[in-house]
Structure formats: C-alpha cells, structure tokens
Amino acid sequence: MSGAWAIARRETASFLATPIGWIVIALYLAVSGAVFAFGSLSPGEPASMEGFFALSRWLIMFIAPAISMRLLAEEFHSGSIEPLMTAPVSDWEVAIGKYVGAVGFMLLMLAPTLTFAVALFTLASPDPGPILAGYIGLILLGMLYLSIGLLASAVTSSQIVAFLGTMFFLLLVRLGALKGAEFVSEPYDRALYALLVDLRMLDFARGVIDTAHVVFFVAASMWFVALTALSLEIRRWR
Amino acid sequence: MIDARDLKKSFGSVQAVRSVSFQASAGRVVGLLGPNGAGKTTVIRMITGYLPPSGGSVSVDGLDSVQDSRRLRRLIGYMPEATPLYPEMRVVDYLDYRGRLFGLRRRERRARIELCIERCRLIEMRTRRAGHLSKGYRQRLGLAASLLHDPPVLVLDEPTSGLDPAQIVETRRLIADLAADKTMILCSHILPEVERTCDELVIVARGRVRAAGATDELLRASRATAPYVMEVVAGESLNVEQTLRSTPGVAHLSAVPCEGGTRFTLTPKATAPDLREPLARAAHEAGLLVRELCRDAPSLEELFIRLIDEAADEDASTTEGATADRSPA
Numbered sequence: 004m005s006g007a008w009a010i011a012r013r014e015t016a017s018f019l020a021t022p023i024g025w026i027v028i029a030l031y032l033a034v035s036g037a038v039f040a041f042g043s044l045s046p047g048e049p050a051s052m053e054g055f056f057a058l059s060r061w062l063i064m065f066i067a068p069a070i071s072m073r074l075l076a077e078e079f080h081s082g083s084i085e086p087l088m089t090a091p092v093s094d095w096e097v098a099i100g101k102y103v104g105a106v107g108f109m110l111l112m113l114a115p116t117l118t119f120a121v122a123l124f125t126l127a128s129p130d131p132g133p134i135l136a137g138y139i140g141l142i143l144l145g146m147l148y149l150s151i152g153l154l155a156s157a158v159t160s161s162q163i164v165a166f167l168g169t170m171f172f173l174l175l176v177r178l179g180a181l182k183g184a185e186f187v188s189e190p191y192d193r194a195l196y197a198l199l200v201d202l203r204m205l206d207f208a209r210g211v212i213d214t215a216h217v218v219f220f221v222a223a224s225m226w227f228v229a230l231t232a233l234s235l236e237i238r239r240w241r
Numbered sequence: 016m017i018d019a020r021d022l023k024k025s026f027g028s029v030q031a032v033r034s035v036s037f038q039a040s041a042g043r044v045v046g047l048l049g050p051n052g053a054g055k056t057t058v059i060r061m062i063t064g065y066l067p068p069s070g071g072s073v074s075v076d077g078l079d080s081v082q083d084s085r086r087l088r089r090l091i092g093y094m095p096e097a098t099p100l101y102p103e104m105r106v107v108d109y110l111d112y113r114g115r116l117f118g119l120r121r122r123e124r125r126a127r128i129e130l131c132i133e134r135c136r137l138i139e140m141r142t143r144r145a146g147h148l149s150k151g152y153r154q155r156l157g158l159a160a161s162l163l164h165d166p167p168v169l170v171l172d173e174p175t176s177g178l179d180p181a182q183i184v185e186t187r188r189l190i191a192d193l194a195a196d197k198t199m200i201l202c203s204h205i206l207p208e209v210e211r212t213c214d215e216l217v218i219v220a221r222g223r224v225r226a227a228g229a230t231d232e233l234l235r236a237s238r239a240t241a242p243y244v245m246e247v248v249a250g251e252s253l254n255v256e257q258t259l260r261s262t263p264g265v266a267h268l269s270a271v272p273c274e275g276g277t278r279f280t281l282t283p284k285a286t287a288p289d290l291r292e293p294l295a296r297a298a299h300e301a302g303l304l305v306r307e308l309c310r311d312a313p314s315l316e317e318l319f320i321r322l323i324d325e326a327a328d329e330d331a332s333t334t335e336g337a338t339a340d341r342s343p344a
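If you're matching them up, the sequences are chains Y and X in order. Sequential numbering of the first sequence, starting at 4, is according to our numbering. Sequential numbering of the second sequence, starting at 16, is according to our numbering.
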C-alpha cells in the first residue's frame, strides 16, 4: 500500500499547490464563517454549531464534486495516467490513493473551522456532544460524496462532466428518493428513505453517533471506491 | 529478455495490432519503427503492462505482462511520447513521488534522485515547477523519472520529438551512454537517429511486423537488389547494351541518353554478388569509356518507405479480395 500512500500525499499536496484548492478553502471558510458569526455568535442565539453544520451539509454537496472532479479525469486528459499505471501499483492502490488524498484535502479544509468551536467554548458553555457528532457526520458525508465524485472522475476525461455528473447524481438521489418514497408503500419507502442522507444527518446533529449510520457511510464510500478500481480495470481491458 | 509473441490488440472493431513478434536480448537497443498509426505505441503499451494484449503474449525476463504485471513493471523504465507530467510539481518532488511509487526507500530514493538529476542535466532546474520547463527539460525529466529505479529495461517512445538539434544530439548521447548496460526499446520517426543508435530494428506497418533483424543485416539485405548506375560515353562501342546484359548476375537493364553518352540502370539478380568489378571489367574489355559506375544503395529511409508501400499494397489487395468474395456472382 506504499503506492497508495504516495498517490494520496501527492494528491493532497497538489490541491494546495493550485489556486483551485485555495479558492475552495477560502470560499468555504468565508461562507461558513459568516453563517457561524451571524448565527451562533449573535446575542440571544443558543450556543451551538447547528447552523454551521446545516449549511456545511449543503455546501459539501457542491464542494465535494469540485474537489473530486480532477482526481482521475485530469490524469486521463493530460496523459499522466500512463506513467502512473505503468508504475508497480494496482488499480486498487490508485483508487484508494486518490480517495485518501481528496479526503485529506477535505480535512484540511475543515480544520480551520475548529476555531469556531474554540470561540464558542470560550464565549459560552455549549454541549460538546452535538459538536463532536456534527463533525463526524460532516466528515462521513463528505467522504461519501467524494467517493461518488471519484467514480464520476474515473469514467470521463472531462473535469466539467465529472463535476456536473456528481452534483446531478447527488441531487437526483436526494430529490428522487424523497419524492419516490411518497408514491410507494411500505416496505419500499423505507428503502428509499434509507438513501436520504439528510435523515441520517439529523441524528448526528442531535449528538447521536449511530453505528448503523457510520457503517452506512463507510460501506457506501468503500463501495464507490471499489467501483472506481473496477472502472480502471475495465478501462485497461476495453 | 523481452519476448513478444504474436501480439494482437483490438479497440472495438479496430485492430490496432494484428501480429507483432520480436525478441530483444539483454543489452541490445531495439528500434521500433513505423508510420503514424502503425501500432508502435500500442505495442509499447502492451510491453509496459499499461494495456493487456487481446491475443498473444509479451514477457520481460520471463515475467508475463498480464500474469506478473506488477513485477514486470518494476523491471521497466518507461518514457511515454508526450512526457505527461504534473505541472504544479517541482522537478525534485516529481522524482521523489516516482521513487515512492516504485517503493524506493528514503536513503536510496535520495541518492537515485541526485544521480538522475545529474545524469539528465537537470541540476539548475531541480526546484523549477514541471509546468514551467521547456520541452527539452520536460523530456529530460521524463527520462530521469524512467531511470529512477535503475530498471534493466528502458522503453522510450519518441525521446527526441520536438527537440531542437542541440537537444537531440545531447539526448542521443545520453541514450548511447545508457545503452551500455540496459536493454532498450526506442520508438522513433527519425530514421537516421535509429540507424545510428539501434542494434536491431523492428519495422511495423498496419499492425504487423514487416521486417526485423540486426540493423546492418537489414540494410545489407535491402542492398542486395539495389541497382547499379553506369554512365558510358557514346560511340565507343556499337553493342554496349549487349555487353552489359551478358555480364553474369545482371537481371535487368534500362538505358536513357544523357549528355554525350548513355546512362544505364542495371538491376542485379537477388543472389548476385557485388557487380561493380565484373561490370568495370566487362566495360574495359569491350573498350568502353566509363564515366561513372556506382550503386544506388537504399538508405534506411528508402527501405522504410518501400516496406510501408508494400504493406499498403498488400492491405489494398486483401480488401479488394474480400470485396470481390462478398460481391454477388
């Protein structure tokens, strides 16, 4: 797995060496910081980060595709996939390395928001449970979205197509499952509700870390990473 | 060391490689030649494990490109044609990344990076981002990356394309240095370069090998039927044509008048030895005054063009045959 680690390191460093990485971080911090400052820090408001997490769950739906769009699509477009795939690394290592690199960048993006929590604890006495669970939920959600974006990036050499494909897929699942569940009876509606990550996030927002939710996010993410590795394998044989 | 047997590769309905077989022994430089679309790059991609063959097999040191793909890739240093790099990475960071991909340990990696930077003359560019490098330095970085893990086999796809003459000479010198202790496959369009650098040639056209062997032998074989040109001053003999035609080994003769004489083109029989001396002797004995006698020996370029033309004709006749077979009686 040393190959995967090398790819992950390069990937995270590459985000930080390009303007797009810094623009994504700056925009996210500016918007989430404004919501936190004008929401949680306003006089009379409860000492919680609920507003920040609610907004971040939406923002991550756009940010994750922006991070993941270049992961493999850029390699295909520039031709750098050829030296990569002729190095002694497996398709799995490439997929995992790319994924870990993108998750690493997302964690770096989220890291400065810990100052929001520090500020809150300095000024008031918030319940730490929902804050901790909120971060875990946000990271798991981001990991899932990044894995979907990684797969989209593996099936096209166009970053724009990968970005739009991921975003529309996420929106389609969200809206489709919600509307679809209204038209079908039990037990099928439960299967559709299970796809609604929003409902799972509500538990995290309350400070509940449900193992079922954690397993869902981790398993679904690994599923998309596995599909990415499979897609790379198919690409070789096509 | 490299053994390609009846390699085939199809992309959907397109047969990019139909049948390619060749061997490259240890320490030899093999030139893979062919026009655009001949299937050279596809062959190279199958050797390096990037693409699995649709048929046939390729092995390096006994390791199969599909069954032992990862171990095989450790033995090969590969520089693709366009030298794709990550523009945001600095030269030294890129080499460090490649070293990690090949599993080089820290101390070894650092030592190899320094050696490759020095060998490929990248010292003053070591902290420059790849995106800011000139074409020549990009090629050098690609070459340094392919040498990093000290592979016994080097596969270089068009290593001098897009370089200026000085850079070409420099790269050629570096390749010659490397050829001393590595098996090398060199893919190039620049035929004089290939003729000078390669011990063996594999000429590919339309997905098939059209000629293969030692460079000298291929050229010698193509010269066996190369015509002789003889210019004789007019009026010295009434029966010049008859004299030359009767020389043993001459298969065909044609004549065109030239300034004050006749210019003969004599095609030798395939088995004929060098005819320059017998022709000169025959002319002397017949009292002819010879103004010029030389052999129109083909260069690698001409041999290449002849083989490509033959391949095109062969394909055209195959297509015609297939069309005729399908057409209603």
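No lab work stands behind these hints: they were computed from the structure. Cβ coordinates follow ideal geometry from the N, Cα and C atoms, glycine included. It cannot be assumed that every hint is accurate.
Using C-beta positions, here's what the derived DEER-type ranges look like [as the list claims (entries may be wrong)]: (1) X:Q30 <-> Y:F65: 53 to 59 Å; (2) Y:R238 <-> X:G264: 55 to 61 Å; (3) X:V81 <-> Y:V217: 34 to 40 Å; (4) X:R122 <-> Y:A40: 32 to 38 Å; (5) Y:D201 <-> X:G52: 32 to 38 Å; (6) Y:S161 <-> X:R136: 49 to 55 Å; (7) Y:R238 <-> X:G52: 17 to 23 Å; (8) X:V81 <-> Y:V218: 55 to 61 Å; (9) X:P207 <-> Y:F65: 43 to 49 Å.
Against the structure, the hints:
no.: 1; hint: X:Q30 <-> Y:F65: 53 to 59 Å; verdict: 45 Å, violated
no.: 2; hint: Y:R238 <-> X:G264: 55 to 61 Å; verdict: 58 Å, holds
no.: 3; hint: X:V81 <-> Y:V217: 34 to 40 Å; verdict: 39 Å, holds
no.: 4; hint: X:R122 <-> Y:A40: 32 to 38 Å; verdict: 50 Å, violated
no.: 5; hint: Y:D201 <-> X:G52: 32 to 38 Å; verdict: 53 Å, violated
no.: 6; hint: Y:S161 <-> X:R136: 49 to 55 Å; verdict: 37 Å, violated
no.: 7; hint: Y:R238 <-> X:G52: 17 to 23 Å; verdict: 21 Å, holds
no.: 8; hint: X:V81 <-> Y:V218: 55 to 61 Å; verdict: 36 Å, violated
no.: 9; hint: X:P207 <-> Y:F65: 43 to 49 Å; verdict: 56 Å, violated
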